[in-house]
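*Asks:* Chain residues, written in single-letter form:
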Amino acid sequence: MEFAYTAEQQALRDEVQRFIQENVNEDVRSEIENTDEMSQGPLVRDLRKKVAAKGWVGISWPKEYGGQDGSRIDQYIVEEEFSRIGVGVGGAGSGAPAILAAGTEEQKKTLLPGLISGEITLALGFTEPQAGADLASLQCRAVRDGDDFVINGQKMYTSSAHYASHIYLMARTDPDAPKHRGISIFIFPMDTPGITVRPLWTIQNDPPAPIGTTYGQRRTNETFFEDVRVPATCMLGEENQGWYVGAMGLNLDRVGASRYLISVRRDEDIINWAKDNDLGGHDVSQDPAIRDRLAELWIEAQVCRLMTMRSMSLMERGDTFTYEGAAEKVWAPEHGVRTTETISQILGPYAQLMSTSEEAIEHGLFAHNLLGSFQSGINHGSVQVMRDQIARRGLGLPRG
Amino acid sequence: MDVLLNEEEEMVKNAAREFLGGECPPSLARAMEVDDLGYPPELWSQMAQLGWLGMSLPESLGGQGLPLTYLGIIMEEVGRAIAPVPFHSTMVAALTIAADGSQEQKQSVLPRVCQGDTVLTWALTERDPRFLPETIATEAVEQGDNFVISGTKMFVDNFGAAEKCLVVCRTASASDGDQGISLFLVDTGSAGISNVPLTAIARDKQSQVIFDNVSVPRSNLIGQINQGWPVVQAMIDRATVLLCAQMVGATRKDAEMGIEYAKNRAAFGRPIGSFQSIQHLCADMILWVDGAQLLTYEALWKMDQGLPSSIEISQAKSFCNDKCEAVVRSSQVIHGGIGFMMEFDLHLWFRRVTSWTMRLGTSFEHRSKIAKALLDQPGRVRLGMNLEPVP
Amino acid sequence: MPTDPVCGIEIDEAGARAETGQTRHGATEVDPNMGTRSFHNGTWYYFCSLDCRTKFLAGPDAYIGQAST
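Protein chains in written order, with our numbering: chain A, 1 to 400; chain B, 1001 to 1391; chain C, 2001 to 2069.
Since the hints were derived computationally from the structure, they do not count as laboratory data.
Hints should not be assumed to be uniformly reliable.
So these bits of chain A aren't anywhere near chain B, every CB distance computed over 10 Å [claimed, not checked]: (1) Asn25; (2) Glu105; (3) Asp148; (4) Gly182; (5) Thr320; (6) Arg399.
Output of the computed footprint for chain A on chain C, the stretches with three or more beta carbons under 8 Å from beta carbons of chain A [to be verified]: (7) 2004-2010; (8) 2021-2033.
Note that the Cβ used here is the ideal one computed from N, Cα and C, for glycine as well.
Between the sequences and the hints, there should be enough to build the whole structure, so can you do that?
*Replies:* See below:
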């Protein structure tokens, strides 16, 4: 066991922190704050170019596909520092791990460099209105027609569909097979004819959630596919193996800095707030009940951090997960909710005040967190489904 | 950064598990609950032969000089097997002598510890069970070449089996803050000592030890006179993190027994482990014990590296207290009525883990220390940063 | 005009499908206030709201036949 970063890793962290201090000024911050679409404004695009020039993008990805052949830990360090300012730079997002593992050489060459640089973004098209936790019951159909597939159906919560360049779609290719064995994955451009995007506004939209909110997204979408014709070469992995390709990608997606930071930043936020502020003269940091609870939450946050470290240690060793990814995905979101709800009971009525309100604390961050924090226990596999996986796959308990 | 066990650590763990699996059945723990001595000397010698007793003691004194993390791994396995051996108390005293004893004290005690020829313990707590210098009222009064100790110590482990005991005493007035505390190595057979057994739910060998004018030669003073509190704090830290390791080992085994039972026990025509309510409870049990283990390993590792570790130790113990208890209670719940029966073995783990949650610092005490470090010093906190304790 | 198979309200299909703009990468965007739809057994059904669609999807057979598409 080894619980410290190496001197090189620490130096990398210092360098990233210095870079952020030097390059992220108020203008950049304000752009991050005011653009909804994964920080794609001109100043952030410039920032990304500088980050790429430093060799900090796609660190753990293979060089031949636009990465750096570096370590997952280095990538994590860079990702952690940037996600603290609301800029995602680390990995290549959902889909990329699956493309690396299951894609054809052609797909890897055309998609991975763009995904790593951020020029290609994927909208995740898995969930349907009647297929969420039970994703394998999805009904979106892809029917082979010569060298093409023709797709009809709809996808729900395609959060980045309004700015994504491609859709990463799970569709049923064999309706007669058992439900997990008749699914395939397709990746194709969003401007393919027949795709319609209907905006769905979230409860974070009005007033807008401030930067750093857990699930502060103002908009998601539902996406309709009507006779969308795509070449068969858009298929990722084998036909009817899409469930397994997709599940693997999701599992890898559960690991990483952003996933756990969205849940534990709340602990830092409230402790740092309580050190420097009071409520009309009342110093909450000296209340014994609050102190005990904050310490308890701090310990839980350490567990979140250590579970992420464990997943990364496994990945660095090239080992596979049995339940460790799912463990993180239960522990961190539920911890985030506990902290968020505790904060509301520390700040009392002030914690209701939203971003545009007079007297709001930290731009309404704590109020908007209350609207969003539970979402992290729903997205990418709910905590209930994760517990099913831990029990069945990790502990070998029988199916009902 | 690699928080998993490395190859050597894995080997040590597996060897310990295999040995204890063969030599230390639950029946042995049961037998020792009603045994006067409280441990089987043969098993103790075997542990010495395997090098466990000298694992983290200096090579020059017969030990192996391995990192504390190795001792922690052994401690975890001893907890897993609920081995009825005075391992924890002996190691706590021995590590303190190794760290702060004189050359002569080390020479006279530690080689015998490594050989399995002696059992040690330590006596700190009094009526007020908090870990503060002002709770120490047991006095050691200088008389010529001796100190004369009078006072009452509580919750002393294995005193009946121990040959020597480290006794924390007051040698100057309590008004001097943490000054005035001294540590003595006392022969348990000295005149004036009485040992009153306590009956704790672990059914282990705890006692109240009364010192009535017990004379100890000056040469048995550990460290400097009146300057003993930092030595005591380091002793408490080591004791706490090693107890966490023991709790983690016992708790994981207890969880595994609950999960195994859930696979086999049928109700409503199917294994109860196929019900989601039981599955999710089992998932939580494993997450809790995993968390306790990760926190414990991090604390052990930091301590071994000589880094500040006192906050990490408090994190581990507070979490172990709450979550290990939740795990062993959940395992009882999964077992239903059978787990409540004396002849069924599960309670051997349940009672010990429960008892250990109350030793070496309650959750409130540890969290109070963490809250001070978080809230009562300037600067911004950040997860993953080193947090120094506030005195 | 199709009707919402759940509440029976008439739906402006052309309005629901009308392009109000495009996403950054060229997909059609529609007005969310014109209702939603669902592809079921080879047919698009239109709804006034997510509420009605949710009821429909919980048991389409109870509603099919009452709606003209």
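*Asks:* Does each hint fit the structure? Answer for all of them.
*Replies:* Comparing the hints with the structure gives:
no. : hint      : in the structure
1   : Asn25     : holds (20 Å)
2   : Glu105    : holds (32 Å)
3   : Asp148    : holds (42 Å)
4   : Gly182    : holds (26 Å)
5   : Thr320    : holds (13 Å)
6   : Arg399    : violated (6 Å)
7   : 2004-2010 : violated (count 0)
8   : 2021-2033 : holds (count 9)
The structure is inconsistent with the numbered hints 6, 7, although it conforms to all the rest.
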